[in-house]
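Visitor: So you can see what is in the structure, the chains are spelled out below.
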Amino acid sequence: MVSEEKETILWEVFIQPKNGLSHRHCGSIHAPDREMAILSARNVYSRRGEGQSIWVVRSIDIVSSDPDEKEETFSSDDKIYRHPTFYDVPDDVGHM
Amino acid sequence: MARKQNEKIVSLEEFQEKIDRDEKIEPKDSMPEAYRKTLIRQIGQHAHSEVVGMLPEGNWITRAPTLRRKLSLLAKVQDEAGHGLYLYCAAETLGKSRMEMNQELLSGKAKYSSIFNYPTPTWADIGAIGWLVDGAAIMNQIPLCRCSYGPYARAMIRICKEESFHQRQGYEIMLTLARGTKAQKEMAQRALNRWWWPSVMMFGPSDADSPNTENSVKWKIKRYTNDELRQKFVDAIVPQAEKIGLTVPDKDLKWDKKRNNGQGGYAYGEINWDEFWRVVRGDGPMNNERISAKQKAWNEGSWVRAAAHAHALKKQTALQAAE
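Just so you know, the sequences run in chain order A and B.
Numbers given in the numbering used here equal positions in the first sequence, counted from 1, plus 1036.
Numbers given in the numbering used here equal positions in the second sequence, counted from 1, plus 412.
Mixed in with the good hints, there may be bad ones.
Stated by the list, open to error - One-sided and incomplete, this derived list gives chain A residues near chain B with beta-carbon spacing under 8 angstroms: (1) Glu1041; (2) Glu1043; (3) Asn1055; (4) Leu1057; (5) His1059; (6) Gly1063; (7) Pro1068; (8) Pro1103; (9) Asp1124.
No lab work stands behind these hints, which were simulated from the structure alone.
We put the CB at the ideal spot given by N, CA and C, even for glycine.
Build the full structure now, drawing on both the sequences and the hints.
Guide: And the structure:
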């Protein structure tokens, strides 16, 4: 028979391919503690030398914005003066 | 630990417009319940298939004919474990727990690809699986890289990238046997005979009998119908078989220039749908063995999971005491 067991902790995994690049989210992993999370993350997400550094973060510790408030949170369509093309500079000034 | 899902109701029209604009759906976005359910079912079955798929091949790791073959097979089976995990992780983002999915597999409630309910009596079966089964899986999976659900699409991109060696490894085994002794060539041909029809069936019921297809295509979970993918598969495999001097076991197979909108393709014989449904319903040659093997592994691994939890707890307690 199959016994009931409690869920292990869910961790989000971030891998840095090499120095100079940032860590990038690649998935999640189940593990009872952080050392085992790192080990499993390496086995599951880096079998072909995809990385040289791994971060694991408990999924429940990630705080996220509400996707239904995307408009309010991120709208900046009315702030075109934040982009370089808003400013007129004579062509013969060259690249700026 | 299922993540909290967004409960806000989205209208079907609004959702469809988003899909039609080719926008991706991410875990916390609002989505119709039917979309969520379809994905949980499909991704869950896909994950279970990867996991059960390790069994027929794992059977041959200790008996691979050379060290090179053994290394390749080990790597391939390990990839399949990884692919199962990527997919479980994608399904979990939809609010279903890993433990629940695992229980459904172990109890026999969840389905997985019927192809893994066939036995692997010879080494040539390992070649046939890589060539045909992984070949069919890749056909199926490449369009899924563009699936509307972000986490599933991302998992598929990783999987497709890693899986390209699987099919080549299988074809190489078949090619080597086909160029070997008479007995080796016969062994390859017999494996092709065993795996051909089950592989053709892997794409699922024909479009006329596939009730889930319409919604899945509308929601851009699926980009092609079962029959379209099946045709691509047959067209790709037949010349590969000819190349190594093996014969596809279908007497009705012939070139039909009307197929593929007049570009031509292979017409193939009648599929034995009775066999297909029989195996789906649990009456295939290996259904019981596969589930028993999973249950045995789960039960025998119980002390390892208990020890890992105890170790984690002990370290946590020590850490708190030191603070």
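Visitor: Evaluate each hint against the coordinates.
Guide: Status of each hint after checking the structure:
1. Interface hint status for Glu1041 (chain A): upheld, as the beta-carbon distance to the closest one in chain B is roughly 7 angstroms, under 8 angstroms.
2. Among the interface hints, the one on Glu1043 (chain A) holds; its C-beta lies about 5 angstroms from the nearest C-beta in chain B, closer than the 8 angstroms criterion.
3. The criterion of a C-beta within 8 angstroms of any C-beta in chain B is not met by Asn1055 (chain A), whose closest approach is roughly 23 angstroms, and the hint is violated.
4. A cut of 8 angstroms between beta carbons decides the hint on Leu1057 (chain A): the least distance to chain B is about 18 angstroms, and the hint is violated.
5. Restraint check, His1059 (chain A) versus chain B: the minimum CB separation of about 16 angstroms is more than 8 angstroms; hint violated.
6. Interface restraint check for Gly1063 (chain A): the shortest CB-CB distance to chain B comes to about 5 angstroms, inside 8 angstroms, so the restraint holds.
7. Taken as an interface hint, Pro1068 (chain A) checks out: its beta carbon lies about 4 angstroms from the nearest beta carbon of chain B, inside 8 angstroms.
8. At about 5 angstroms, the closest approach between the beta carbon of Pro1103 (chain A) and any beta carbon in chain B falls short of 8 angstroms, and the interface hint on this residue holds.
9. Given hint, Asp1124 (chain A) at the interface with chain B, is violated; its Cβ is 34 angstroms from that chain's nearest Cβ, farther than 8 angstroms.
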